[in-house]
Amino acid sequence: MKPILEINNLYKSYKSIPALDNINLSIKAGEIHGIVGANGSGKTTLMNILFGNPIIHETGGFQGEIIYQGKKINFKNCGEAILNGIGMVHQEFALIPDMTVGENIKLGREKTFAFTDRLFGRQYSFINRKQDDESALQTLIQLGISIDPGIKIFDLSINLRQFVEIAREIDRTDLKLLILDEPTAVLNKNDGLKLIEILKGMAKRDIGILFISHRLEEVQHICDKVSVLRDGKLVSQYERGNISINTLARDMIGHIVTKAAAGKREILPQPIITFSHFSVEMPGEEIIDLDLSVYEGEIIGLTSLSGHGKLALGYGMMGMYPVQGEVYYGGIKIANMDAKANILQGMYVLPDDRQGLGILADQSVENNIIFTGNQVKNMFRIESFFAISGFIDHSQARDHVDKMIQDFDIKCSSIYQKVKELSGGNQQKVCIARALTVDPKLLFVAEPTRGVDISAKEKILHMLLEINRSRNTTIVMASSELDELKRVCDRIAVMAEGRIFKILSPDASDEDFGLALSGEEGVAYEEL
Amino acid sequence: MRIKQQAKGFINSEHLVPAIFILLSFLAWQYSGLSGNFVLNQVITRFIRDGILVLSLIVPVVAGMGLNFAITVGAMAVQTSLLIVIGYQVEGVPGIILVIIIGVFFSALLGYLIGHILNRVKGKEMITTIIIGFLFNSIYQLIFLVGFGTIIDVPNKDIILTRGIGVRNTVDLGMYRDTIDKLWLLKIGGIEIPLFMILIVLLFAGFIFYILRTHFGQEVKAVGSNTETSEILGINTNMIRIKVMILSTVLAAFGQLVYLQNIGMFDVYTAHLNTGVISCAALLAGGASIKSAKIRHALMGIFLFHTLFIVSPQAGQNLFSNAALGEYFRSFVAYGTIALALIFNVKHENKYKKPVQKPEGV
Amino acid sequence: MKNYSIKPPQIIISAFLITLVFLAYTLEMNLVILFNESLVKLVMNGVLVLSLIPMLNVGAGMNFGLPVGIIGGLLGMCLAVNFRMTGFHGFFMALLFSLIICALLGWIYGLILNRVKGREEIAGTFIGFSFIPLMNYFWTLAPFQNREMLYPIGGQGLRPRISLENYFNNILNNLYVIRLGDIEIPVGLIGFFALIALFLYWYFRTKIGRATIAVGENEAFSRLSGINIAQTRLIAIIISTIIAGFGICVYTQSYGFIQLYDEPLSMAFPAISAILIGGSTGKRAFIFEAVLGTYLLQSMYLLTVPIANEILIPELTEILRSFITYGIILYALLVRERRRNNG
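Residue numbers (the working numbering), protein chains in the order written: chain Z, 3 to 530; chain H, 1469 to 1830; chain B, 2 to 344.
Isolated chain Z (complex conformation) (with noise of 0.2 Å):
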């Protein structure tokens, strides 16, 4: 039978970093493919090539083909992939909150009335209302839901949106490959086997599946074929009957080589900062209920698979997001997150977005690594009779700023040079110094290699551990990179769906890690 899909040496960067490296994939009609990949393995990519996702024509396009239904393909945008009969189920929901459940399954395939269709064409005939509730009505009980149609989607609980989603998929009659990302997350166990059993009839009907999951079990139940993406390469196939959830969960992560940086010590179990159910609402990245003490002194790691929210933490720390539950630091509940009272405190967030957050880009490298001290502190300050106006003193702020740049050899021309104009790297250190600057004996960073060439890597990791060993600050280290976590942090805290999972030791084994962030327990032996 020949594939609907067929994917050849597909490769795709940004700015000449790879994110696809020669995938090669095929997929049949009617076969259900599972795609299995932790952070950064080139999933989104994927389905953004597959979807046409205007994004990727902007940043070049990509190499290698994509021969859908025997015919080349390059979609320019989603309409392309849409009327070509690629559906998809996206994980934010491509749900149009105004409008109503019925108007969102039927979007573009409207009931209209005959005459006005021959009269004006399909784009400007008249809707029949009540056909199309109908028509949205049957496919919605097709799924085994029943909601009024009429009811708008910000009305619904999540659950029901992500059936309302699905339902605008199957409601199409000319779908041939859908590509569903994450249709399980917000579902209960039974809602997803509901799920599941949809997707076999749709499978049965002869239209290709691919589906994108972190949750193992799943994906072995469901799929025909699956295929694990590790860091934007194509590590592993396996077919139905030889999918078993540690065998992905190891291939996932893969073999981490590390050298701890850092030997094994004791850390004394005096906590610093306690979140006791802690929620904080950013959206994309939420964080549901979060309970950890984070111990005095050590270095602990957070990770999750992107989404599950690992980054979410520092945001809600300094006030960025709602927050809600109980934070406890140093013995006494915070009432409220302010970014200034926290600082003052002694608490500090580096931010994972650098550029669109951690630096003012226009300005000095001098003003960059002052500027909390001096708003928060009131440090580098003229003292005279005009302190409180806060003119900066100037020797004082250089002769600072000069020892910051020797220390953590930041590469700049000078303390006047624009930030934006220096490396991903050095724009780390900068941001590093800038924190350090107000000695903070809690640092929560996010992401802190991200964007950063391995020479650089190599003094950010060293440079956290320094602050840590020298000066005891306590750092909270959200990464999607296991291998530096592992070199630096005492303990590794794994997120999943919101929650921590499990605090894992950073010599536990690669299966333990891959398991953990799929929120497995996995098994002892496997039943093949």
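Mixed in with the good hints, there may be bad ones.
Straight-line alpha carbon distances no greater than 27 Å define the calculated BS3-like cross-link-like pairs of lysine-lysine that follow [stated by the list, open to error]:
{"hint": "1", "chain 1": "Z", "residue 1": "Lys132", "chain 2": "H", "residue 2": "Lys1689"}
{"hint": "2", "chain 1": "Z", "residue 1": "Lys78", "chain 2": "H", "residue 2": "Lys1711"}
{"hint": "3", "chain 1": "Z", "residue 1": "Lys154", "chain 2": "H", "residue 2": "Lys1759"}
{"hint": "4", "chain 1": "Z", "residue 1": "Lys78", "chain 2": "H", "residue 2": "Lys1590"}
{"hint": "5", "chain 1": "H", "residue 1": "Lys1689", "chain 2": "H", "residue 2": "Lys1590"}
{"hint": "6", "chain 1": "Z", "residue 1": "Lys413", "chain 2": "Z", "residue 2": "Lys459"}
{"hint": "7", "chain 1": "H", "residue 1": "Lys1689", "chain 2": "Z", "residue 2": "Lys113"}
{"hint": "8", "chain 1": "Z", "residue 1": "Lys420", "chain 2": "B", "residue 2": "Lys208"}
{"hint": "9", "chain 1": "B", "residue 1": "Lys208", "chain 2": "Z", "residue 2": "Lys422"}
{"hint": "10", "chain 1": "H", "residue 1": "Lys1762", "chain 2": "Z", "residue 2": "Lys132"}
{"hint": "11", "chain 1": "Z", "residue 1": "Lys235", "chain 2": "Z", "residue 2": "Lys17"}
{"hint": "12", "chain 1": "Z", "residue 1": "Lys4", "chain 2": "Z", "residue 2": "Lys235"}
{"hint": "13", "chain 1": "B", "residue 1": "Lys284", "chain 2": "Z", "residue 2": "Lys420"}
{"hint": "14", "chain 1": "B", "residue 1": "Lys208", "chain 2": "Z", "residue 2": "Lys405"}
{"hint": "15", "chain 1": "B", "residue 1": "Lys118", "chain 2": "B", "residue 2": "Lys208"}
{"hint": "16", "chain 1": "H", "residue 1": "Lys1689", "chain 2": "H", "residue 2": "Lys1762"}
{"hint": "17", "chain 1": "H", "residue 1": "Lys1711", "chain 2": "Z", "residue 2": "Lys113"}
{"hint": "18", "chain 1": "Z", "residue 1": "Lys422", "chain 2": "B", "residue 2": "Lys284"}
{"hint": "19", "chain 1": "H", "residue 1": "Lys1759", "chain 2": "H", "residue 2": "Lys1590"}
Restraint ranges, calculated between C-beta atoms of paired labels, are given here [as the list claims (entries may be wrong)]:
{"hint": "20", "chain 1": "H", "residue 1": "Met1733", "chain 2": "B", "residue 2": "Pro161", "range": "24 to 34 Å"}
{"hint": "21", "chain 1": "Z", "residue 1": "Phe117", "chain 2": "H", "residue 2": "Phe1573", "range": "28 to 38 Å"}
{"hint": "22", "chain 1": "Z", "residue 1": "Asn86", "chain 2": "H", "residue 2": "Phe1675", "range": "31 to 41 Å"}
{"hint": "23", "chain 1": "B", "residue 1": "Ala16", "chain 2": "Z", "residue 2": "Lys413", "range": "38 to 48 Å"}
Honestly, the hints are just simulated from the structure, not real lab data. Don't be surprised by glycine CBs; every beta carbon is placed ideally from N, CA and C.
Knowing the structure of chain Z, use the given hints to seat chains H and B on it.
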């Protein structure tokens, strides 16, 4: 709990604003001493004059582009067309048809241009449309006050100023006045209801109702709700926005034509000046907001807003023996309504924003 | 001043200006008098343009709500004239009254603008527009005592134009003028302008000033660094409003008449256009941009009047002014948003 929610839902801007207008209008009317019939007749006339103009604002709001102050450009387009036709002395019915054809052509073209500009300034459409309106006004003046008589020459010298350069301030539309205005006049007591014209306005309202209930209309609503999601759904958001502006500008052209025809006099340099603000204020008075506008808002809004407009000067005269105070009230109501709509609306903006699917590491 | 690049608006305006100067020369106009005038016009309008800087830098956009500050200044002057304060004393008191009133107005204006983040410009436009008719009530009904300010018998309220002849007309203009041949340099006037510019320069080097620039540059970063965004914006808006109040005082003392009622309606646009011509993108502004832009724009205005009169189409001045003003603003809007979407 449900009653409380219902009550809360009732006291929102959609109902509150019209209620305030009704109250103010009633009070001002009482103080003005004007007869109910007089006021009603005036309002009906305004309804006919401004109806289509206000209706032309609806679709841009639905498309998420806010208040389209650039409808003045559509007005100017049809005025240009009118001046050309009068300039070449094409009279009667062929004249009117020609005006419509040229007017539609110009306004569609300009609408296309405006659509393109607005696509570059997403999020700042409203301030841009105001500036566009002012800018095109200068260009319009340049053409007709300076260009006519110098670079552009027309056979009909009646419309040129005595000094030879520039179109006159007022051009008489006598030949068009009283043709269709009083068609099918219905008299109830002292109230005159020109049915034909009202039906014309309602026809345009029906047209908007229709267009919003098509596949195109659904795409417009989707774009207005969330642009990023619409892109993923395969909708060409930029194209939709351009089409919306073309629609709005062309409708404004029709609206201004009806307006001028009804007044019978064409103030070349001032007829279009406050179109944008007055129409927007009327729409908002009916309960619309910068994010949501329905046909009933437009139709009701004209009644509410213009009633207040009509009675204010006399009320000012009676209350303070100073008609000017009534005038100030009118300006304040017009600008103030828009200001309040802008201030009290931004709250619901970011509620449903979801991040675009970004690949890791980018 | 580093990395300053010449942008299209400046090239166009400069080219236009050079053409006008050339035309003026060929039409044998008195260039010296025009030059003297241009200096006065620079300061007259310049302070209003300077007032835009704090709001631009804090990220509140172009201050289309300039009428708010202008009205504060008008009120300050009316109070001074009402109490028959003349000369320096009068002008100084006008400034003081303006300061207090504008601080209050700016505070309210700032609170409102903090509510409408992202829509400051359009909201400001209509806040300004609606404040004017509201103040028209005040001008008409408020109990001013000075007969010279009021309508003659039969009328009610303040006159639309109140002469400063007996009060502080030209008080700064005539303060310490240096004459070099035919050229007159109004040192007092320029000194006042320099004072305000210096204040702004000093302000942006204070802690709050630097926070202001950071907020405008990257709000999320600033929040993460513990800065109180709302407060920083509020302070910047208040300062903008106060300087606007001063600006109208300087303008009026030179013009000679306090202009009330609907006059402030169109004053925001030329000021904004000026700073854009000076090179500001609408997102950040420097003092020298305000100076340069005001000088270019005002000189252009100055030259078009006599030339247009020569060609016998006086309206041309006004139309060209409008065209250039709005064209520049539209251009800036396009460029700024394009940068924002690409960056």
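Structure-based check of all given hints:
1. Z/Lys132 - H/Lys1689: Holds, at roughly 19 Å.
2. Z/Lys78 - H/Lys1711: holds (21 Å)
3. Z/Lys154 - H/Lys1759: Holds. Z/Lys154 to H/Lys1759 sits at ~16 Å (cutoff 27 Å).
4. Z/Lys78 - H/Lys1590: holds (22 Å)
5. H/Lys1689 - H/Lys1590: holds (16 Å)
6. Z/Lys413 - Z/Lys459: holds (14 Å)
7. H/Lys1689 - Z/Lys113: Distance ~17 Å between H/Lys1689 and Z/Lys113 Cα, so the pair holds.
8. Z/Lys420 - B/Lys208: holds (20 Å)
9. B/Lys208 - Z/Lys422: holds (23 Å)
10. H/Lys1762 - Z/Lys132: It holds: about 21 Å lies between the C-alpha atoms, which stays within 27 Å.
11. Z/Lys235 - Z/Lys17: holds (18 Å)
12. Z/Lys4 - Z/Lys235: holds (24 Å)
13. B/Lys284 - Z/Lys420: Holds - the C-alpha atoms of Z/Lys420 and B/Lys284 are around 18 Å apart, at most 27 Å.
14. B/Lys208 - Z/Lys405: holds (23 Å)
15. B/Lys118 - B/Lys208: holds (23 Å)
16. H/Lys1689 - H/Lys1762: Satisfied, since the Cα-Cα distance of roughly 12 Å is no more than 27 Å.
17. H/Lys1711 - Z/Lys113: holds (23 Å)
18. Z/Lys422 - B/Lys284: With a Cα-Cα distance of about 18 Å, the restraint between Z/Lys422 and B/Lys284 holds, given a limit of 27 Å.
19. H/Lys1759 - H/Lys1590: holds (14 Å)
20. H/Met1733 - B/Pro161: 24 to 34 Å: holds (28 Å)
21. Z/Phe117 - H/Phe1573: 28 to 38 Å: Given range 28 to 38 Å: holds, Cβ gap about 29 Å.
22. Z/Asn86 - H/Phe1675: 31 to 41 Å: Distance hint for Z/Asn86, H/Phe1675 holds at roughly 34 Å.
23. B/Ala16 - Z/Lys413: 38 to 48 Å: holds (43 Å)
Going down the numbered hints, you'll see the structure goes against none, and every one checks out.
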